[in-house]
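Engineer: As a plain string of letters, each chain reads:
There are 2 protein chains.
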Amino acid sequence: MATIKAAILGFGTVGQGIYHIVNEKRAELKAKLGVELEIAKILVRNPNNERVEGTAHLLTDSYEDVLAVEGLQVVFEAIVNEEPAYTYLKKAIEQRCHVVTANKVMFAKHGMELQALAKTKGVHVGYEATVAGGVPVIKTMKNILLVNDVHRIQGILNGTTNYMLTKMRQENWTYDEALAEAQRLGYAEADPFNDVSGQDAFKKLMVLSDLAFGEQPNWDDVEVIGIDTLTATDLEQAKANGLRYRHVAEVEQNEQGDIVGKVAPLLVGPEHPLYPIDDVFNAVAMETNYIGTLTVTGPGAGMYPTASVMVEDYAEIIGKRAGFTVSI
Amino acid sequence: MATIKAAILGFGTVGQGIYHIVNEKRAELKAKLGVELEIAKILVRNPNNERVEGTAHLLTDSYEDVLAVEGLQVVFEAIVNEEPAYTYLKKAIEQRCHVVTANKVMFAKHGMELQALAKTKGVHVGYEATVAGGVPVIKTMKNILLVNDVHRIQGILNGTTNYMLTKMRQENWTYDEALAEAQRLGYAEADPFNDVSGQDAFKKLMVLSDLAFGEQPNWDDVEVIGIDTLTATDLEQAKANGLRYRHVAEVEQNEQGDIVGKVAPLLVGPEHPLYPIDDVFNAVAMETNYIGTLTVTGPGAGMYPTASVMVEDYAEIIGKRAGFTVSI
Chain U
1 MATIKAAILG
11 FGTVGQGIYH
21 IVNEKRAELK
31 AKLGVELEIA
41 KILVRNPNNE
51 RVEGTAHLLT
61 DSYEDVLAVE
71 GLQVVFEAIV
81 NEEPAYTYLK
91 KAIEQRCHVV
101 TANKVMFAKH
111 GMELQALAKT
121 KGVHVGYEAT
131 VAGGVPVIKT
141 MKNILLVNDV
151 HRIQGILNGT
161 TNYMLTKMRQ
171 ENWTYDEALA
181 EAQRLGYAEA
191 DPFNDVSGQD
201 AFKKLMVLSD
211 LAFGEQPNWD
221 DVEVIGIDTL
231 TATDLEQAKA
241 NGLRYRHVAE
251 VEQNEQGDIV
261 GKVAPLLVGP
271 EHPLYPIDDV
281 FNAVAMETNY
291 IGTLTVTGPG
301 AGMYPTASVM
311 VEDYAEIIGK
321 RAGFTVSI
Chain S
1 MATIKAAILG
11 FGTVGQGIYH
21 IVNEKRAELK
31 AKLGVELEIA
41 KILVRNPNNE
51 RVEGTAHLLT
61 DSYEDVLAVE
71 GLQVVFEAIV
81 NEEPAYTYLK
91 KAIEQRCHVV
101 TANKVMFAKH
111 GMELQALAKT
121 KGVHVGYEAT
131 VAGGVPVIKT
141 MKNILLVNDV
151 HRIQGILNGT
161 TNYMLTKMRQ
171 ENWTYDEALA
181 EAQRLGYAEA
191 DPFNDVSGQD
201 AFKKLMVLSD
211 LAFGEQPNWD
221 DVEVIGIDTL
231 TATDLEQAKA
241 NGLRYRHVAE
251 VEQNEQGDIV
261 GKVAPLLVGP
271 EHPLYPIDDV
281 FNAVAMETNY
291 IGTLTVTGPG
301 AGMYPTASVM
311 VEDYAEIIGK
321 RAGFTVSI
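Chains as they are written, first to last, in our numbering: chain U, 1 to 328; chain S, 1 to 328.
No wet-lab data here; the hints were simulated from the structure.
Since the model is a prediction, treat every value here as computed from it, not as a measurement.
Accuracy of the hints is not assured; some may be wrong.
[Unchecked claim] Chain S regions said to be covered by chain U (calculated; three or more residues, Cβ under 8 Å): (1) 79 to 93; (2) 142 to 149; (3) 290 to 299.
[What the hints assert, rightly or not] Straight-line C-alpha distance at most 16 Å; calculated EDC-like pairs for lysine to aspartate or glutamate: (4) S:Lys142 x U:Glu316; (5) U:Lys239 x U:Asp278; (6) S:Lys262 x S:Asp279; (7) S:Lys32 x U:Asp149; (8) U:Lys30 x U:Asp278; (9) S:Lys262 x S:Glu316; (10) U:Lys5 x U:Asp65; (11) S:Lys167 x S:Glu181; (12) U:Lys32 x S:Asp149; (13) S:Lys167 x U:Glu271; (14) S:Lys320 x U:Glu316; (15) S:Lys262 x S:Glu236; (16) U:Lys262 x U:Asp278; (17) U:Lys239 x U:Glu215; (18) S:Lys142 x U:Glu28; (19) U:Lys142 x S:Glu113; (20) S:Lys91 x S:Glu113; (21) U:Lys30 x U:Asp65; (22) S:Lys239 x S:Glu271; (23) U:Lys32 x U:Glu316; (24) S:Lys90 x S:Glu50; (25) U:Lys262 x U:Glu316; (26) U:Lys320 x S:Glu316; (27) U:Lys142 x S:Glu28; (28) S:Lys167 x S:Glu82; (29) U:Lys5 x U:Glu38; (30) S:Lys262 x S:Asp278.
[Stated by the list, open to error] Restraint ranges, calculated between C-beta atoms of paired labels, are given here: (31) U:Pro84 x S:Thr120: 43 to 53 Å; (32) S:Leu185 x U:Lys90: 47 to 57 Å; (33) S:Glu36 x U:Ala68: 15 to 25 Å; (34) U:Thr233 x S:Arg152: 49 to 59 Å; (35) S:Glu36 x U:Ala56: 38 to 48 Å; (36) U:Gln256 x S:His151: 45 to 55 Å; (37) S:Asp149 x U:Lys90: 54 to 64 Å.
Ideal placement from N, C-alpha and C gives every residue a C-beta, glycine not left out.
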């Protein structure tokens with residue numbers, strides 16, 4: 001039986017999750033796909049730090065070592081920031097490797113270009129994990145776009161801020177109290193800027209815009225307002241009126257055909273699809289022409305949710321290759 | 001350019017929806033799939049009744065006429081009840097046609113068999129429309145099952161009863177008042193038995209059970225309790241306690257490995273994923289091992305939602321054939 005060799009770039013939470021799932025599901029994946037998946041190399045900063053037992057021989061700090069793996073066919077990328085992730089994935093695609101990424105910062109900027117390059121090389125790019133962690137919003141939208149037009153997307157794309165807004169409403173916490181607790185629980189970074197400012201949600205929104213409309217708004221034209229503008233009093237008043245603040249990232253095609261985006265706190269009532277989404281959950285509501293509004297909801301982060309959609313991307317890519325005997 | 005010839009069986013709401021969408025999206029589907037789709041025959045009871053202008057020459061009441069279409073490759077089935085739908089689809093598959101069905105009653109009983117037959121014939125069966133109308137629960141679950149195990153499914157699979165329970169709660173209507181309004185709006189049939197008894201939801205649940213677990217519970221072992229057991233007083237008490245009744249179809253694999261199903265009114269609190277689903281919406285919550293709980297929500301019925309997922313099934317089937325140049 002054929003073996004597919006893969007590398008993992010970055011061995012933090014998500015990278016380790018991929019490694020664990022590939023091992024736990026080895027037999028099932030082999031049975032479903034007809035090929036074995038072997039993690040052949042793991043790129044880390046410090047190859048002397050064996051974070052997962054039994055991986056020491058796989059670790060390297062040299063990307064050249066990764067690309068030199070004989071028969072390398074898949075690269076899982078789970079590092080942060082634009083570089084060197086972009087350069088790494090570009091090289092992998094040029095070498096005709098499929099790539100699967102969780103890197104929204106890189107993909108918001110280079111996603112279309114990497115997909116175009118992959119097309120010329122006959123390989124695939126999986127990017128489900130760039131948006132909303134374990135929630136399969138990319139695949140759901142790709143599928144409905146086969147027939148439907150999506151004209152508007154509204155999403156809760158950052159679990160940290162949704163957690164904070166939930167606690168501020170439910171427990172009457174102040175913004176500072178909610179942030180402190182989010183940091184204590186590991187939801188927010190020591191520097192919470194990307195989450196609370198809306199920049200994290202903005203990057204994910206741009207990935208969705210590429211998919212739904214084939215283009216993004218000019219980044220400078222997108223208003224991005226964080227939740228740090230909200231006070232406990234704002235939330236109390238909303239509650240008294242039966243409303244809730246959600247930190248909503250939205251993008252739509254307006255009547256002139258322009259793509260318009262925004263990230264901002266939004267006051268929503270019980271009839272809104274994002275009204276019930278509490279805690280660290282993510283949700284994306286897609287307004288379509290035939291179906292109406294479809295909403296997908298689930299865990300927006302975490303080792304296993306995010307890693308599992310990346311392994312699903314792999315399975316989907318490999319599945320496309322195999323077993324379709326349909327002739328027309 | 002190649003043309004794919006298709007037939008529509010049944011020309012009621014859903015069948016007509018397919019016809020309209022195929023025409024409206026003709027150019028886009030052709031551009032995406034590289035083939036033209038031609039509706040070559042429409043099976044109806046009375047071929048003298050031209051329900052949609054310009055279709056008179058396509059109508060027939062003879063299934064032999066349908067199967068005799070030269071080069072027929074796809075059969076869309078949008079009729080109700082087990083027979084003759086089952087016999088029709090079996091014949092179509094034996095003739096190496098792809099089939100796309102919306103018929104839950106037939107598919108709950110014969111879905112596994114038809115899929116097995118299709119496999120031996122090298123064709124595909126699309127059945128997204130059998131469960132939850134426009135909500136892509138089948139594709140979402142197929143996708144997450146590539147890597148995740150689904151151990152429990154809970155769904156609101158009948159829009160009529162969800163509408164009735166919503167109105168009984170919000171407007172303090174009695175069961176009879178809610179039913180009368182559902183009938184006036186066309187949500188419930190003159191004989192509402194299948195909806196209110198839970199039989200409709202039960203059939204859809206069995207289709208989900210096949211997909212998630214590869215098997216169904218014994219039908220006789222599945223408790224199916226309708227919403228006609230609920231009184232306005234029950235709903236008032238629930239409301240007073242901050243709870244809501246949902247008509248929930250659920251199936252799970254228990255610790256002994258047995259598949260256990262149930263359809264019944266369920267009292268849920270605000271933390272439950274089905275708590276916020278009001279009116280005619282459908283929703284399915286899937287509990288998985290890696291991702292956690294994923295919920296998809298949307299319109300559970302209607303001409304365009306249901307028909308559009310059937311055309312998506314077609315696009316997916318044809319897409320599998322074409323354009324995958326990946327070589328490993």
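Engineer: State for each hint whether it applies.
Structural biologist: Hint by hint, here is what the structure shows:
1. Coverage of the region 79 to 93 of chain S by chain U is violated in this model, with 0 residues showing a Cβ closer than 8 Å to a Cβ of that chain against a need of three.
2. Counting residues of the region 142 to 149 of chain S whose beta-carbon sits less than 8 Å from any beta-carbon of chain U gives 5, enough to reach three: the coverage restraint holds.
3. Look at the region 290 to 299 of chain S against chain U: 10 of its residues bring a Cβ nearer than 8 Å to a Cβ of that chain, three or more, so the hint holds.
4. For the suggested pair Lys142 of chain S and Glu316 of chain U, the alpha carbons sit about 11 Å apart, so the restraint of at most 16 Å is met.
5. For the proposed pair Lys239 of chain U and Asp278 of chain U, the alpha carbon gap of about 14 Å is at most 16 Å, so the pair holds.
6. Between Lys262 of chain S and Asp279 of chain S the CA atoms are separated by roughly 22 Å; this puts the pair beyond 16 Å, and the hint is violated.
7. A distance of roughly 13 Å separates the Cα atoms of Lys32 of chain S and Asp149 of chain U; the hinted pair therefore holds under the 16 Å criterion.
8. Distance restraint check for Lys30 of chain U and Asp278 of chain U: the Cα-Cα separation of roughly 37 Å exceeds the 16 Å cut-off, and the hinted pair is therefore not satisfied.
9. Taking the CA atoms of Lys262 of chain S and Glu316 of chain S, the gap is near 32 Å; set against the 16 Å cutoff, the hint is violated.
10. Distance restraint check for Lys5 of chain U and Asp65 of chain U: the Cα-Cα separation of roughly 14 Å lies within the 16 Å cut-off, and the hinted pair is therefore satisfied.
11. Restraint check for Lys167 of chain S and Glu181 of chain S: satisfied, since their Cα atoms lie roughly 9 Å apart, inside the 16 Å limit.
12. For the hint pairing Lys32 of chain U with Asp149 of chain S, the CA-to-CA distance comes to about 13 Å; that is within 16 Å, so the pair holds.
13. With a CA separation close to 14 Å, the supplied pair Lys167 of chain S and Glu271 of chain U stays within the 16 Å bound.
14. For the suggested pair Lys320 of chain S and Glu316 of chain U, the alpha carbons sit about 11 Å apart, so the restraint of at most 16 Å is met.
15. For the proposed pair Lys262 of chain S and Glu236 of chain S, the alpha carbon gap of about 24 Å is over 16 Å, so the pair is violated.
16. Our distance criterion of 16 Å between C-alpha atoms is broken by Lys262 of chain U and Asp278 of chain U, whose separation comes to about 21 Å.
17. Taking the CA atoms of Lys239 of chain U and Glu215 of chain U, the gap is about 37 Å. The hint is violated against a cut of 16 Å.
18. At most 16 Å may separate the alpha-carbon atoms for a hinted pair to count; Lys142 of chain S and Glu28 of chain U meet this at roughly 14 Å.
19. Simply put, Lys142 of chain U and Glu113 of chain S have alpha-carbon atoms about 29 Å apart, too far for the 16 Å limit, and the pair is violated.
20. Restraint check for Lys91 of chain S and Glu113 of chain S: the C-alpha separation of about 13 Å stays at or below 16 Å, so the hint holds.
21. With a C-alpha separation of about 26 Å, the suggested pairing of Lys30 of chain U with Asp65 of chain U is violated against the 16 Å cut-off.
22. At most 16 Å may separate the alpha-carbon atoms for a hinted pair to count; Lys239 of chain S and Glu271 of chain S meet this at roughly 15 Å.
23. At most 16 Å may separate the alpha-carbon atoms for a hinted pair to count; Lys32 of chain U and Glu316 of chain U meet this at roughly 11 Å.
24. Distance check on the hinted pair: Lys90 of chain S and Glu50 of chain S sit about 27 Å apart at the alpha-carbon level, beyond 16 Å; violated.
25. Taking the CA atoms of Lys262 of chain U and Glu316 of chain U, the gap is near 32 Å; set against the 16 Å cutoff, the hint is violated.
26. Straight-line distance between C-alpha atoms of Lys320 of chain U and Glu316 of chain S comes to about 11 Å, which keeps the hinted pair within the 16 Å bound.
27. For the suggested pair Lys142 of chain U and Glu28 of chain S, the alpha carbons sit about 14 Å apart, so the restraint of at most 16 Å is met.
28. Restraint check for Lys167 of chain S and Glu82 of chain S: not satisfied, since their Cα atoms lie roughly 32 Å apart, outside the 16 Å limit.
29. Taking the CA atoms of Lys5 of chain U and Glu38 of chain U, the gap is about 5 Å. The hint holds against a cut of 16 Å.
30. Proposed proximity of Lys262 of chain S and Asp278 of chain S is contradicted: the alpha carbons are some 21 Å apart, above 16 Å.
31. Roughly 49 Å separates the CB atoms of Pro84 of chain U and Thr120 of chain S, a value that falls within the hinted 43 to 53 Å.
32. Distance hint for Leu185 of chain S and Lys90 of chain U: a CB-CB separation of about 55 Å, consistent with the stated range 47 to 57 Å.
33. Taken as a hint, the range 15 to 25 Å is violated for the pair Glu36 of chain S and Ala68 of chain U, whose Cβ atoms sit roughly 47 Å apart.
34. The given range of 49 to 59 Å is broken by Thr233 of chain U and Arg152 of chain S, whose C-beta atoms sit roughly 41 Å from each other.
35. Range check, Glu36 of chain S to Ala56 of chain U: about 57 Å between beta-carbon atoms, so the 38 to 48 Å window is missed.
36. Hint check: Gln256 of chain U to His151 of chain S, Cβ distance near 48 Å, so the stated range 45 to 55 Å holds.
37. Look at Asp149 of chain S against Lys90 of chain U: about 35 Å separates their beta carbons, and that is not inside 54 to 64 Å.
Violated hints, in rising order: 1, 6, 8, 9, 15, 16, 17, 19, 21, 24, 25, 28, 30, 33, 34, 35, 37; the structure is consistent with all others.
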